[in-house]
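Following the hints, complete the assembly by docking chain R onto the known chain G.
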Amino acid sequence: MAKARKKPLKKKKIVKRKSRSSKKSLKIDFISMSKLKGDTVEEKIEIILDKVKIGHVVILDEALSPDEEAHLVTETMEGINEEFSGIEFCSLPRQSGKARILLSRVAKLLGIEMASPGVTLVGPSTIISDIKRDLGAFHVSAEL
Amino acid sequence: MVRKLIKKLKGAFSRLFGRKRVIRLGIYGEPNTGKTTLANKISMDWMGKEVGIVSEMPHETRTIQKVEHIEVKAGKKTLVMNLLDMPGLSASVDFKEFTKFRESVSNTDTDFKDLKVSDLKRIAEEEDLSKTGKKAAIIQRLKAKISKKELQTYVKDLKIKVTAKKGKKISKTSARKIAEEATKGIVEAIKWLDNVDSVIVMMDSTKDPMTQVNIMLLGNLEAKSIPIVIAANKIDAKNSKPNNIMSAFPQHPVVPISAKEGRNLENLYKTIAENL
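So the protein lines, in turn, are chains G and R. Here numbering that gives the first Met the number 0 is used: the first residue of the first sequence is 0, the next is one more, and so on. Here numbering that gives the first Met the number 0 is used: the first residue of the second sequence is 0, the next is one more, and so on.
Looking at chain G on its own, in the form it has when it is part of the complex (with noise of 0.2 Å):
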């Protein structure tokens, strides 16, 4: 009896996968506001700042105000070196109604500090390529 022919095996397509660590994933941290409240205008730019050097984007549920960005550029314009090269952000405030100005107000009367409703994004320079904005929105473009 003849036997019969094997059939040559096909050869199976090795796939390598791509370790874990070769990918890149972008790391976003949302941080809401309450998390935040009572901190000084120092200890929360530390806390953005903080995560923007490893490469997160940190995005809060407040705006920024004038007073806290520049800060936020003084402080990152300190921690500049050869792998902190800076940052790209964008802060929208949420229009206020007349009461929310006037309880803003009268809350700065009494030397209370509070936070405006809005989104703000902080992210490194290097990962952040563009951002567009216009009245109600702003667009993000990232390079990983």
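Below, simulated SDA-like cross-link-like pairs (lysine to any residue); rule was C-alpha separation at most 20 Å, straight line: (1) G:Lys52 to R:Asp93; (2) R:Lys183 to G:Glu77; (3) R:Lys190 to G:Val40; (4) R:Lys190 to G:Glu77.
Read the hints as simulated data drawn from the structure, not as lab findings.
For chain R alone, coordinates are given in the frame of chain G:
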């Protein structure tokens, strides 16, 4: 509000005693919007000297450049000011970007050897000197008679074209130093927001004005009640759209200008004077 009141009182007292108030006018904006070009133009027109070097490289101005006591005619008024050309504001400074550029060389500092023989002969003729001989001989005769400063005047008056000098490529070491200086300059410029009386916010009219740096700058100036005039610069460029700036910031006066060509500067001075 208190700040505004103090300013008004100061102004009233100055007027009462007939003394002209010297204002500290800061020129702020993002890098490459033409701040130094404008400062140079104002300073050259009214003082006859330049403030700083203009180049395509961002953060060319890394320290605050001051020109004191410039008197500028603004319509019927005279503005007396100390002009402060600020380093460009930005939230990032990447040292690698600077290695793409060459070192800046001042083209206002023309040397005799930078000129063509024909141009040297023209100057020699003006000075009643002999035009004969080789380039070196003419230079020798000119050097004996006129100073370098006088040479610059001849270059300007005779409209002599001088080829732009090229600096050497910026090394990594120099780029790191530039980046360090640029970051310090930005911090310094932000600190100076408390020491200016009025600000020209320079914006490039060929670009999108709705950047966070512009918004941050205007927000801080508004909070400090500092008078603002936005200069929509580069209207000489084909793709200039000053209307975009006007519609983005309707709450502030916007004056379209070309700092390079000196276009519409009278209107800018007038608007600054009206806003004080």
